[in-house]
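As they're listed, the protein sequences go chains V and D. Residues in the first sequence are numbered from 1 upward in steps of one, following my numbering. Residues in the second sequence are numbered from 592 upward in steps of one, following my numbering.
Be aware that a few hints might be false.
Unchecked claim - Below are the DSBU-like pairs computed for lysine-lysine, each with C-alpha atoms no more than 30 Å apart in a straight line:
(1) D:Lys622 to V:Lys155
(2) V:Lys46 to D:Lys687
(3) V:Lys266 to V:Lys3
(4) V:Lys578 to V:Lys330
(5) V:Lys266 to D:Lys622
(6) V:Lys3 to V:Lys287
(7) V:Lys165 to D:Lys622
Claimed, not checked - Output of the computed footprint for chain V on chain D, the stretches with three or more beta carbons under 8 Å from beta carbons of chain V:
(8) 622–634
(9) 639–652
(10) 701–712
No lab work stands behind these hints, which were simulated from the structure alone. This structure is a prediction, so every number in the text was calculated from the model and none was measured. Just so it is clear, CB atoms sit at the ideal spot from N, CA and C, and this is done for glycine as well.
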Amino acid sequence: MAKVLKEVDVVIVGLGWTGGILAKELSEAGLQVVALERGAMREAAKDYALPGIRDELRYVHRHDLMMNTARDTLTIRNNPSQEALPMRRLGSFLPGDVVGGSAVHWSGHTWRWTDMEFKARTLYEERYGKKYIPQDMSLQDWGITYAELEPYYDKFERTAAVSGKAGNLQGRIQPGGNPFEAPRSRDYPLPPLTSILASELFADAARNNGYHPFPRPSANASHAYTNPDGSKFGQCQYCGYCQRFGCEANAKGSPHMTVIPIAMAKPNFELRTNAWVTRVIKDSSGKRVTGVAYTNILNGEEFEQPANMVLLTAYAINNVHLMLLSGIGKPYDPVSQTGVIGKNYCYQTGAGATLFFEGRNFNPFMSSGGSNISMDDFNTNWDFDRAPHGFIGGYTIGGGFNTALPIGHRPVPRGTPQWGTAWKEATSKWYQTAMNIGASGSVMPNRYNCYDLDPTYRNAFGQPLMRMTFDYKDNEHKMGRHAAERINAIAKSMNPTHLNEASARTEPWTVVPYQSTHNTGGTIMGSNPRESAVNKYLQSWDCHNLFVVGANVFAHNCSYNPTGPVGALAYWTADAIKKKYLKTPGPLVSA
Amino acid sequence: MQGMQSKIVLAAALLALAGGVNAADVKRGQKLFEECAACHTHERGAQNGVGPNLFGVVGRKAGEVDEFRYSPAMKRSGIVWSEQDLDAYIADPQAKVPANRMPFSGMPDARDRADLLAYLLSALK
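So that you can see chain D by itself, here it is in the shape it has in the complex:
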């Protein structure tokens, strides 16, 4: 729990650093989350869909949401999700975790991902 809080503080600090020059656009990120929303919920306690619920994903070990059937690849990945990990995974899911089962080909644009993650981090608090 402490680890997660420090991750959020760190993420907030990173966002603050990025602010001013190239502030991530949370509103735009919310729009971009539509690409995820057909399968993922992100509210606390919401049901898993085709994909696992994303509440509290930052700082969580990959493959540990209750009652979600993960691919062996995801369970074996050993990832503890940082913002950088999420960025790499969303950019190219099969490159970051080969043989995982998320049917999503990736979000190649770095700014899109920054906005999406900014939204996710703000929504997951």
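Next comes chain V alone, as it looks inside the complex:
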């Protein structure tokens, strides 16, 4: 029998970037806030300090900061005709499982998604006609605009210490920045990171090919920095242990060293770790939620935490899972294309080449999360005509290194034996000489790519696992081929000694190798409850005191990393709650 606790104003489920931002903003507004985090407490000084943090086995192979698949996982299949099987070991994506969430082990890439995404259906229909969008591509507008989000992007960039170079300041194109970005009210809080040899070579080649390279904006502080809340950042040391590790120099913008400690200093905020939320509780009308049920995973004790407002701020997949487990909103059915919860799951695609230059020393162990140089000529560049290539969306191309680990990063020419003397000779010969050029590509929604509850497999709490049905479609194959061709052309123009050419991902998607922790959709935002799960303020259409915050609200996935809009939307939601919802609790958008 669950113990019923004293009611609070707000319960926050999951304490990463979105939960941390909302915890800080709402506790500062005077509300009684309780945060429930399934993971353990971790602190930079104790847990991310040298030398322990530079442990590839612990953090890369044993996934120390990530979800434990023995407790809960997903079942995976490519299409509805297959039987989904449980993912027994993390691979393709790596959700976080500690205070700070995935934002402890992220790299820091922070992009501003623009109206090219938020108004995607409208823009493609206007330019290419309705028939250009495939029948089974469930592309739709997001119900929000770049202009609305701009101040919140700015706020998040300042909180997270993003280093970069503006390319468009209030409509004026800036040399050295991304000329295809949307207008910014002001520059990044910090100048770009120091570029490394590999990224400089790529930038020269991109420029020589007529493209527009620029430093990738990233929450790795290029200088010591104090953010507007007073959180202090050290300077990035280019140690090369960014992705999958906590930062040893407090230089990577993460919630555990910014918003979370600020919330924790407030007497009206309480954090409970090792608290696994199993469902959101609805009242008898079904139009309000009354709190959440959770289990203390250390001793199995069960609790109900009543609250006036519930904020789902867990990892994107888990937010959707909780909605399905709680029976809030109509589950999506891909056959009839009705319902909304589970709809428009998207991922990302890509292509990559490795270039070998005999005699070069790239020192790949030396990099920051964002020391790549990027180009957006085939992404936010709307002048790039997609029609001859027949796809929707786009891709960024980047060159350089991010977390090329001393043990794991072993570039060798294709065809080299995978073990033994020949491999050893090759890895020692080529290690210093290799650099990468890679594309990260969008994935458009498809009616058959979705989530639902698995009919067979259950987690440690006896609840159905989340079932993910996903594969790349023709649109992604076409874009992948286009990307691979462009990468190979740039790579060849650099005259490497040897080139492992890029190729499109056209085989069925597999969950086994790591690809990216950029899972989007499932409870998408939109302008009406028929097509979306939440409104533009990320408020549930069904229960007005429930907000669902994270990349799960993205109506599709673009080529960019998701954290920029995830952070901006968290601030946007916090403002909507403080300025609108608290004054007149109820739906913020009439259905």
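Start from chain V and add chain D according to the hints.
Below, chain D alone, put in the same frame as chain V:
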């Protein structure tokens, strides 16, 4: 304790000598301390961060702040921190104490270091 006081007197004398011609800029030093502040506190009794609390560092033996987990290299260094030692360490941490764990690549400019140390010495009194 007496040793520490005499060190401070000595440091003050050195600063006084330097004054006039090339006075260290404490305000500038405070700004430069931002590079350290993400990991180091310097107020009396403040908690250790990623790095140890710096209160009273001048005259202290290296590796002796309570509850801070130092590298073996720092503990073995045998340094009793003088202003000159701090200057050399901040200039190039790995040259002064090879294999220490401070993730900081160094402050190469002598004037920056003089200002930083002037601030640290004034703040640590």
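Hints, one by one, checked against the model:
1. D:Lys622 to V:Lys155: holds, 23 Å
2. V:Lys46 to D:Lys687: holds, 25 Å
3. V:Lys266 to V:Lys3: Between V:Lys266 and V:Lys3 the Cα gap is close to 26 Å, so the pair holds against 30 Å.
4. V:Lys578 to V:Lys330: Satisfied, since the Cα-Cα distance of roughly 28 Å is no more than 30 Å.
5. V:Lys266 to D:Lys622: Measuring from Cα to Cα gives roughly 28 Å; hence the hint holds.
6. V:Lys3 to V:Lys287: holds, 24 Å
7. V:Lys165 to D:Lys622: holds, 23 Å
8. 622–634: holds (count 6)
9. 639–652: holds (count 3)
10. 701–712: It is violated, with 0 qualifying residues against the three required.
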